[in-house]
Amino acid sequence: MGTNLTIGKAINAGLRASMEHDPKVLVMGEDVGRLGGVFRVTDGLHKDFGADRVIDTPLAESGIVGTAIGMAMRGYRPVVEIQFDGFFFPAANQTFTQLAKMRRRSAGKLSMPIVMRIPYGGGIGAVEHHSESPEAYFTHTAGLRVVTVANPEDAYWMIQQAVRSDDPVIFLEPKRRYYEKAEVDTAAPIEEATPMGAARVARHGTDATLLAYGPMVKTALQAAEADTDHSIEVVDLRSLSPVDYPTIVESVKRTGRLVIAHEAPLSGGPGGEIAARVTEECFYHLESPVIRVAAFDTPYPQSRLEEHYLPDLDRVLDGVDRAFAY
Amino acid sequence: MSDTTAHEEPELIQLLTPEGELTGHPDYPLDISAEEIRALYRDLVLVRRVDSEAVSLQRQGELGLWASLLGQEAAQIGSGRALGERDMAFPSYREHGVAWCRGIAPKELLGMFRGVTNGGWDPHEHGFHLYTIVIGSQALHATGYAMGVQRDGAVGEDGTAVISYFGDGATSQGDTNEAFNFASVNNAPVVFFCQNNQWAISESTERQSRVPIYKRAAGFGFPGVRVDGNDVLACLAVTRAALDNAREGNGPTLVEAFTYRMGAHTTNDDPSRYRASAELDEWKAKDPILRVRRYLENNGLADDAFFASVETESEAIGEQVRSECRALPDPEPLDIFHEVYAEPNVQIDRQRSEFAEYLASFEGAGAEGGR
Ligand SMILES: Cc1ncc(C[n+]2csc(CCOP(=O)(O)OP(=O)(O)O)c2C)c(N)n1
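Residue numbers (full-length UniProt numbering), protein chains in the order written: chain A, 1 to 326; chain B, 1 to 371.
Read the hints as simulated data drawn from the structure, not as lab findings. Not one of these hints is a red herring.
Derived lysine to any residue pairs resembling SDA-like cross-links, with alpha carbons at most 20 angstroms apart:
#, chain 1, residue 1, chain 2, residue 2
1, A, K109, B, F337
2, A, K101, B, I135
3, A, K109, B, H126
4, A, K101, B, G111
5, A, K101, B, A342
6, A, K101, B, I133
7, A, K109, B, V116
8, A, K109, B, N345
9, B, K107, B, V45
10, A, K101, B, P331
11, A, K109, B, I133
12, A, K101, B, L334
13, A, K101, B, V340
14, A, K101, B, N345
15, A, K24, B, R151
16, A, K24, B, N186
17, A, K24, B, Q150
18, A, K101, B, G115
19, A, K101, B, T117
20, A, K101, B, N118
21, A, K253, A, E280
22, A, K109, B, N118
23, A, K101, B, D122
24, A, K24, B, D152
25, A, K47, A, D31
26, A, K109, B, T117
27, A, K101, B, F337
28, A, K101, B, V116
29, A, K24, B, A154
30, A, K101, B, I348
31, A, K101, B, Q347
32, B, K286, B, S52
33, A, K101, B, V134
34, A, K101, B, E343
35, A, K109, B, G115
36, A, K109, B, E125
Which residues of chain A face chain B? A few of them, derived with a C-beta cut under 7 angstroms, are:
#, residue
37, G63
38, T67
39, R74
40, A142
Given the structure is predicted, the values throughout are model-derived calculations rather than measurements. Cβ atoms here follow ideal geometry from the backbone N, Cα and C, with glycine treated the same way.
Let the sequences and hints guide you as you build the complete structure.
Structure follows, in structure tokens:
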């Protein structure tokens, strides 16, 4: 009994299910109410759950996250929408100094069951500050969980898992994939969904592992398909913090090669960290160095240049070729 | 130039003069017994003692740092005693007097400054959130908490009110101003209690604001009031009124307690570099404890035996603070990994077990064998 959903609609359905499941779940952010968010991800929730549970906030990101922290202390489970990745930064202080650390500061007395939803990544021809990949800021911060989705199935279940988590979850939504469609079995029990922290082998292969997450998973799958000379395994990371190393290591030990592709800038990006760890754990299994395919260490460019900035099919294939050149 | 500046001294709400004369205030009637005033006196003396003891402990190397409340006792005890049991307070880092009113033991406060904990108490148990170092953050937490109170339907005569404490410097932070705005548009049951102690480390109030702080509230659409922060009765009456107003669903109030930090900003600070001693002398004459004592003495409401008993209690608390501070145990090394996440986290679990193994490798190597 599958339902054909886009990623955006799947998140919407997941939020709705979360709000029905638990009256303490609130949605808050800029334009999330009657408009349903600029990407319409909260469409219809205001109408059905009312203005007390779907809160149109003042235009102040620090205020949104800071008040969500207070609400969580009062027993609520706020799902906060940051309208675009580039507008997270005004809320960075509340996120890093307060949200992430509250549990530790309170010696476990306070939980922060807050989800911060952020449409992220490029590829939609937007003006500046609308196409950032800020994931490394979050993964460097202890106390936060960081996840992202690549298909409607994960979008539907992971948003619900994130809402149920007692930890703060940064939920990164690949905005250029909002309209990707697939069947989702919305009637299945949530317990059967893949756990939020687990990576997933999206395509089996034997010669190299191609690791990607969020918007790049689709590109990685296309690359694996296009490379008819090799059998490429694609792993969808899903959780950027914590990283499911056992799944990655198991794959790399079988294939002997690892190529990591992400939209975030190369230096200090998640790929470097994963490369280091995989090198440590798979040193004698590796046939080649771990290769990273990433965006450049520059500000996100004007949109007429983004096709060069974002790792596309050819750049991912070039990365795979480099791995086989050893 | 505007004709108002931040340091102008307008009429303050005052009930008890520095000379110890009870004047009362028509807008803030306070029905209070002699016994209650004696209890406030006791609070003021004891928190000052806890504070001075902590300063000494820092000098002796027992605390890494201490932020003294000297001079601000009345603002804290007055507002703290206005709180009801269900109310929730969100302090910054100097609110030892409010903590006292919320039943936090002095040793709990020392933990953070000694470095054995980053928090130390259960915020829900005491209705008192953790000390917050990042200036202004807690004003938003208080506002969000108050929005939760609204959603719980806990507004009304027996409702819950929320109070947030911060300094004059904090009013320059975006978070504080965002909190004012969120509270206002949501009509949240929160009181913003600014202790204007005239200084933000070395920066005077004039470096923070061109207008008196309490006047800012008008721009956000709620009342602001300036109270004599060295008058415990005025602070009690004004805060109680603001809390009741919030509780009953009438939204926020900004209370500016006009007071003075008589000590250094923290034990790391040297106020002689930025302020004149004449200023301190002027404020010493307005000492918050002295005026209550004068009132009690002048009106025969407390005898020598009472003052002596408070003194005895103060000595005992001093002794208690000293011994309890020294007895605070260092945390275990593996505590580093505890309570970072509510749910199991493979990355942290792995680092913890590696570090545990590493530590275990020194066992039996003798005290000098390690590093
Ligand atoms: C965001 C931030 N910036 C700087 C500091 C360093 N700092 C600690 S206290 C302080 C002054 C605060 O003054 P005020 O708000 O008036 O409070 P007071 O200490 O006078 O009670 C500063 C600058 C800090 N803790 N947080």
